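The opening position of the sequence shown corresponds to residue 123 in this note's numbering, with each subsequent residue numbered one higher.
Treat the hints with care, as some may be off.
What the hints assert, rightly or not - If you anchor each label on the Cβ, the simulated ranges turn out as follows:
hint: 1; residue 1: Gly283; residue 2: Asp178; range: 44 to 50 angstroms
hint: 2; residue 1: Glu260; residue 2: Leu162; range: 25 to 31 angstroms
hint: 3; residue 1: Phe279; residue 2: Lys138; range: 41 to 47 angstroms
Said to hold, decoys possible - With a straight-line Cα cutoff of 16 angstroms, these simulated EDC-like cross-link-like pairs (lysine to aspartate or glutamate) come out:
hint: 4; residue 1: Lys238; residue 2: Asp248
hint: 5; residue 1: Lys163; residue 2: Asp193
hint: 6; residue 1: Lys255; residue 2: Glu179
hint: 7; residue 1: Lys167; residue 2: Glu153
hint: 8; residue 1: Lys150; residue 2: Glu184
hint: 9; residue 1: Lys255; residue 2: Asp178
hint: 10; residue 1: Lys245; residue 2: Asp178
hint: 11; residue 1: Lys138; residue 2: Glu184
hint: 12; residue 1: Lys245; residue 2: Glu179
hint: 13; residue 1: Lys150; residue 2: Asp178
hint: 14; residue 1: Lys269; residue 2: Asp193
hint: 15; residue 1: Lys264; residue 2: Asp178
hint: 16; residue 1: Lys167; residue 2: Glu250
hint: 17; residue 1: Lys238; residue 2: Asp249
hint: 18; residue 1: Lys138; residue 2: Asp187
hint: 19; residue 1: Lys209; residue 2: Glu223
hint: 20; residue 1: Lys167; residue 2: Asp193
hint: 21; residue 1: Lys150; residue 2: Asp187
hint: 22; residue 1: Lys238; residue 2: Glu250
hint: 23; residue 1: Lys255; residue 2: Asp193
hint: 24; residue 1: Lys269; residue 2: Asp187
hint: 25; residue 1: Lys138; residue 2: Asp193
Simulated from the structure, these hints should not be mistaken for lab results. Predicted model, so just to flag it, every value in this text is computed and none were measured. Where a beta carbon is used, it is the ideal one built from N, C-alpha and C, also for glycine.
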Amino acid sequence: TNCVGMGYGIESGSQKILNNMNKKITVKQIESAMNYTQQLKIPIKVQLIFGYPGEDETTLQETIDLFRRIDHPGRRFVVITPIPGSKLYDDCLTQGLINNEPAYITALEKSFGAGKIHVNFTKWPDDEIYPRKRAVEETIFKNYYDKNLTRRAKYYFIKLGKK
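Required output: the full structure, derived from the provided sequences and hints.
Listed below in structure tokens is the structure:
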């Protein structure tokens, strides 16, 4: 085929978070799709979200566990930001999490994607969000590369044995 890659908006490895997002997919479906795509040797990019309402240590561990099972390095998480027009944004307005809409939109314009927490849906203080995000990313990468280092070592030992 001429397929050069696939992108999956996984968002989370936690069924709780997927349900909160109304994703209408299951973790089992994610595993199945990822495993099948990997069997076809098609490169995969995934999109992940950090800090969605309901995110906690358990849901983060479920995401780490998913990537361990599917043997994929994942990718960097994006910290959730309510964007005008989204249900999450409307929920924030209704719940009073955004109490000055013009000021919020101005803040988005000035700092979107610059590492600013606009609305924190977690129990963690704002200054802990990015360090926690990086720790989860590093754990997922480490789990993947540790497995692959072992595989590479085995490959080279077998290759040396054939000489």
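Now the hints, each set against the structure:
{"no.": "1", "hint": "Gly283 to Asp178: 44 to 50 angstroms", "verdict": "48 angstroms, holds"}
{"no.": "2", "hint": "Glu260 to Leu162: 25 to 31 angstroms", "verdict": "29 angstroms, holds"}
{"no.": "3", "hint": "Phe279 to Lys138: 41 to 47 angstroms", "verdict": "42 angstroms, holds"}
{"no.": "4", "hint": "Lys238 to Asp248", "verdict": "9 angstroms, holds"}
{"no.": "5", "hint": "Lys163 to Asp193", "verdict": "13 angstroms, holds"}
{"no.": "6", "hint": "Lys255 to Glu179", "verdict": "11 angstroms, holds"}
{"no.": "7", "hint": "Lys167 to Glu153", "verdict": "14 angstroms, holds"}
{"no.": "8", "hint": "Lys150 to Glu184", "verdict": "12 angstroms, holds"}
{"no.": "9", "hint": "Lys255 to Asp178", "verdict": "11 angstroms, holds"}
{"no.": "10", "hint": "Lys245 to Asp178", "verdict": "8 angstroms, holds"}
{"no.": "11", "hint": "Lys138 to Glu184", "verdict": "10 angstroms, holds"}
{"no.": "12", "hint": "Lys245 to Glu179", "verdict": "10 angstroms, holds"}
{"no.": "13", "hint": "Lys150 to Asp178", "verdict": "21 angstroms, violated"}
{"no.": "14", "hint": "Lys269 to Asp193", "verdict": "8 angstroms, holds"}
{"no.": "15", "hint": "Lys264 to Asp178", "verdict": "21 angstroms, violated"}
{"no.": "16", "hint": "Lys167 to Glu250", "verdict": "26 angstroms, violated"}
{"no.": "17", "hint": "Lys238 to Asp249", "verdict": "10 angstroms, holds"}
{"no.": "18", "hint": "Lys138 to Asp187", "verdict": "14 angstroms, holds"}
{"no.": "19", "hint": "Lys209 to Glu223", "verdict": "15 angstroms, holds"}
{"no.": "20", "hint": "Lys167 to Asp193", "verdict": "13 angstroms, holds"}
{"no.": "21", "hint": "Lys150 to Asp187", "verdict": "12 angstroms, holds"}
{"no.": "22", "hint": "Lys238 to Glu250", "verdict": "12 angstroms, holds"}
{"no.": "23", "hint": "Lys255 to Asp193", "verdict": "20 angstroms, violated"}
{"no.": "24", "hint": "Lys269 to Asp187", "verdict": "14 angstroms, holds"}
{"no.": "25", "hint": "Lys138 to Asp193", "verdict": "22 angstroms, violated"}
Going down the numbered hints, you'll see the structure goes against 13, 15, 16, 23, 25, while the others check out.
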